[in-house]
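With the hints as extra help, turn the sequences into a complete structure.
Listed below are the residues making up each chain.
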Amino acid sequence: MSEELYKQMAQSIIDGDSDLSVELAKKAIEINMHPLEAITKGFVVGVNYIGDQFGLGEAFLPELVMAGEAMKAAVATLEPELMKLGEARETLGRVVLATVEGDIHEIGKTLVGTMLSASGFEVTDLGVDQPAEKIIGKALEIDAQIIGMSALLTTTMVRQREVIEELDKEGLRPRIKVMVGGAPITRDWFQKIKADGYSEDAVGAVKVAKELVGKADS
Amino acid sequence: MQPKLSLLNDELIARIVEEAYQLMLKPGIKVQNAEARQLLAEAGAQVDEETMVVRIPKQIVRQALETVPRQFHLFDYEGRPTVQYGGDAVHFDPGSSGISVLIPETLEHKTAETEDLIRIIKVAESLPQYDAQSTAVVCHDVPKDLHDLYRLYLVMLFSKKPIVTGAFTNTTVHQMIDMLAIFAGGRENLREHPRAVFDACPSPPLIWSNFGAGNLITLARAGVPAEIVSMPLAGAAAPVTLLGAVTQHAAECLSGITIHQLARAGSPIVWGGAPSTFDMRKGGTPFGSVETAMIDSSYAQVGKSLGLPTHAYLGATESKILDMQAGLESGMGAMIGALSGINMISGSGMLDSLLCQSPEKLVVDAEGIAMAKRMLEGMKIHTETLATGFYEGVNFKGGDFLKQRITMQLFQKEQHMPGKVIDRDSMRGWKESGSMDTFTRARNRVTEILASYSRPELDPAKVAELHAYVLDLAQKAGMEELPRLEEPSYA
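Quick note, the sequences are listed as chains A and B, same order.
Note that this note's numbering numbers the first sequence so that position 65 is 65, with each residue one more than the last.
Note that this note's numbering numbers the second sequence so that position 15 is 233, with each residue one more than the last.
In case anyone wonders, no lab produced these hints; they're calculated from the structure.
A portion of the hints provided could be inaccurate.
Stated by the list, open to error - Cross-link-like lysine to any residue pairs, in silico, SDA-like; alpha carbons within 25 Å at most:
| # | chain 1 | residue 1 | chain 2 | residue 2 |
| --- | --- | --- | --- | --- |
| 1 | B | Lys615 | A | Glu87 |
| 2 | B | Lys694 | B | Arg405 |
| 3 | A | Lys134 | A | Leu153 |
| 4 | B | Lys615 | A | Gly137 |
| 5 | B | Lys621 | A | Glu63 |
| 6 | A | Lys26 | A | Ile107 |
| 7 | B | Lys615 | A | Glu63 |
| 8 | B | Lys500 | B | Ser421 |
| 9 | B | Lys615 | A | Asp129 |
Claimed, not checked - Below, a sample of chain B positions facing chain A; criterion: calculated Cβ distance under 10 Å:
| # | residue |
| --- | --- |
| 10 | Asp618 |
| 11 | Gln630 |
| 12 | Lys631 |
Ideal placement from N, C-alpha and C gives every residue a C-beta, glycine not left out.
Take a look at the structure:
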C-alpha cells in the first residue's frame, strides 16, 4: 500500500504535476503516513530521478523546474503536519541566494534555488541586485550555512569577491560557506576569489552544496 | 504554412517552358536508342535516323504531361507508403553512386567495398532524417557486371526503407526489377507498391543515350517509378546562364517524360536532376555552390508548375573532409532544397563532388536536415492568444516562464532538440567531455549507431531467393561466392 503510494508520489514529481503531488501529500496525511517518510521515500525519489536524467541530457529545463515546483508544493502541504508532530523536517541546511549588486540576471540562480529546495535545503532567495551587507545580514539572521551568489556580467562578478572579503573581515568563514555561479564564472575565478563551491549548472550546485554541509551523496 | 522559396515568377516559368519546347524542335533532342526513336516517330515526331536527332512537337509532349501521375508513393518493406512524391512533401536520402568512402582514421578516400556500403546503410537506416536509402557507393570487391545490382542487394538485406537506386545498363535494370519483385511478391505487386525509384539520366546537352532512354522504356513498362536526373553543367554542357541551364533541364526532362509515357502512359516519373555550375578555375562541378542550388530550386518550381513530382541533388560538398566548408555547403543546400519543396533531396553524406561517401557526414547532415525540416514547419500558432495569456503569475522576473506547464508541453514542439553531434555545452562541459570537434563527435555517433544497429527481420524464404538470384548472376560474372556479409567488426 505504502509502496504504491511512494511510487505515485515519485511519479507526480517526475511529471511535474503539482496538483497531483499535493493531492498525494494530503492522502499521506489521511492515512497517517509519517510526513517525513512521504518526503524521503516518495517525493524525493522523483526529484533525484529527474535530476539524474537532466544530468544525462535526457530531461530538459522545463521538466526540472516543474519537478521542483511540484516538490515544493508537496512539502508545503506536509509541513503543517510536521509542525503538529513537533518535528521539523530535517533540512540539509539553510542557504541564502542572491544575484550580486548591479546585476539583475537571475534565471540560473532561481533554478539553483528550485533544485536546492527540492533536494531538501531551506532556501531564502533575496532576488537581484543585492549589496554585500544585505546578503550577509540575511545569512546571519537565519543562521545560514551557505551563501550562494550569481552574476552574469564580467563587470559585476567582482562583487562576489567583495562579499567574500567582507565575510573574511568579520571572521564569518568557514562558518558560512560561499558558492558562486553565473555565465562568466570559471574555475579559475572561483579559486582566485577563494570561494568554497562552484558549479556551472543547477544540478551540479546541489551536489556542491551537499558537500559543503558534509552531507554528500555516498 | 510551409515556407517557400520562389526564385521565379509565373511569367519567367512560362518563358522557360516555352523555350524548352523550342529547344525540342531546334536543335531537337538526340535520341540514341532506336526503340525510343520509333516511339517518337510513331507519335508524330520528325526523326533523322542518320543523326539520331528528333524534333519533338509540343502536342506530343503535352499529351505525355496529361498522362503522367502527379503523385505516387514509395513503400517500405512492410508495405507502408513512407515517401510521397508529389506536392510539396520533402524527403532526404543519402547521395548515391560514390566510388569511395572517407576513412575517418586516416582521412583517406578509400575505394569502396561491401563493408563500406553496409556501414553507410546501417547509419542511414538508424537516422530518422533519411526517409529513403540510396544505393550509396559502388562496391569494388564484386565484378563490374554486378556493380549496380549488388548495391541494391545489400540495401534490401540491411534496410526496410524505400530505396533510391539506378541501373548502369539496359540488362541490369531488368535484373534489379526482378530482385525488387522477389521481395514485393511479384512484378504486379511491385507496380502496386513500389519500394524503389530508378534514376535515368539524359546526357547534357539534350541527349538521351541508348542506355538512358532504354532504362526509361523498361521502367515505364514495368510500372516501376523512374527519376530523371538531368545534369546541365552551366557554362560547359549547358548555357552559362542559370536560366539557360534551367531551360535545358526542362527540355531534357520533357523529352524524357515523352519517351517514358509513350512506352507506357500513366507510369510514374520524377522531374529531377543533378545540375551544377561549371567551375571556371578548376573545371569541376561544384554541387555545393549556391548557383547550383539556385538551378535546382528553379527547375523544381518549373516541374511543380507542370504538376510533377520533383527531385534534386543538394546537401553535398566539394570538401574532402568533414570541415567547415562541408558543413556550410551541405547545410545551405539542404535548407534551400527543403524551402523549395523538393520531394526527394539526394546528396547527404557526399564529399568531393559526389565521389566520396561518409557515414560520419551522414550523421552531421542529418542535423542540417532536421533544422531544414523545422524551418519547413514554419511559425506555428499553438495558443489562443499569442502572448497575453502567458503572463499570469509572471512578476517581471526572468525564469518565470520555465515554471509554466505550457512551457513543458510546448517546448519540444517549438524547438528541435539536436542530437549529440551538435555542441551546445558550456566551455567546462565541452572540455570535460573531451574537447571534441564536430568530426570527432560524428565518429563517436557512428560507432554508437553501428553498435546498436540490428538487422531487420526479413522473410527468410525471400532472402534465400534473392541470394540465389544474385549468386547466380555473380557466378555467371566469374565470381564463385558473394562476399561474406557480417564481419566480426560489424557484430
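Against the structure, the hints come out as follows:
1. Lys615(B) with Glu87(A): Violated - the C-alpha atoms of Glu87(A) and Lys615(B) are around 34 Å apart, more than 25 Å.
2. Lys694(B) with Arg405(B): Roughly 24 Å separates the two Cα atoms, so the pair holds.
3. Lys134(A) with Leu153(A): 20 Å, holds
4. Lys615(B) with Gly137(A): Judged against 25 Å, a Cα distance of about 24 Å means the pair holds.
5. Lys621(B) with Glu63(A): 9 Å, holds
6. Lys26(A) with Ile107(A): 31 Å, violated
7. Lys615(B) with Glu63(A): With Cα atoms ~19 Å apart, Lys615(B) and Glu63(A) stay inside 25 Å; holds.
8. Lys500(B) with Ser421(B): Holds, because 21 Å separates the two Cα atoms, which is no more than 25 Å.
9. Lys615(B) with Asp129(A): With Cα atoms ~13 Å apart, Lys615(B) and Asp129(A) stay inside 25 Å; holds.
10. Asp618: 8 Å, holds
11. Gln630: Holds. Min distance 8 Å.
12. Lys631: Hint violated; Lys631(B) Cβ to chain A Cβ min 12 Å, cut 10 Å.
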